[in-house]
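Asker: With the hints as extra help, turn the sequences into a complete structure.
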Amino acid sequence: DFLLESITTIKSFSEEKKRKFLETVELQIALKNYDPARDKRFSGTVKLRHVPKKSFKICVIGDERHLDEAKNLGIECKSVEELKKLNKNKKLVKKLAKQYDAFLASDGLIKQIPR
1 DFLLESITTI
11 KSFSEEKKRK
21 FLETVELQIA
31 LKNYDPARDK
41 RFSGTVKLRH
51 VPKKSFKICV
61 IGDERHLDEA
71 KNLGIECKSV
81 EELKKLNKNK
91 KLVKKLAKQY
101 DAFLASDGLI
111 KQIPR
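Here the working numbering is used: position 68 in the sequence shown is 68, and no number is missing along the way.
Each hint should be verified, as a subset may be incorrect.
What the hints assert, rightly or not - Calculated lysine to aspartate or glutamate pairs in the DMTMM-like style (CA-CA distance at most 25 Å, straight line):
1) Lys57 - Asp39
2) Lys98 - Glu69
3) Lys98 - Glu23
I should point out that these hints are in silico values taken from the structure, not numbers from a laboratory.
Answerer: This is the structure:
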């Protein structure tokens, strides 16, 4: 009952003032007297009625080996040279960021990407 009441309150607040972005709510449930490392009472998956995102676009930023793997799997990818062409142009970087939902990077390139 408390959970349902809280959800309706949150929903009513979100309808009062419309925002120009997608609002999300995160729910965390803590179980008392349950140690996940010791007790293995719960296992399984939950299928949501409504799919949050139907098409999740990923871009791989990597070295030659990872780019070849991504191309073989049909995943879009960018090399470091392609990112250097953006040359700190904020409009182009924002445009690239809006095209994809997530980016995966090779471990050797992670330190270079923020630049």
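Asker: Run every hint past the structure and note whether it holds.
Answerer: Against the structure, the hints come out as follows:
The straight-line distance between the Cα atoms of lysine 57 and aspartate 39 is roughly 37 Å, outside the 25 Å bound, and the hint therefore fails. At most 25 Å may separate the alpha-carbon atoms for a hinted pair to count; lysine 98 and glutamate 69 meet this at roughly 24 Å. A distance of roughly 17 Å separates the Cα atoms of lysine 98 and glutamate 23; the hinted pair therefore holds under the 25 Å criterion.
Hint 1 from the earlier list is the only one contradicted by this structure; the remaining hints agree with it.
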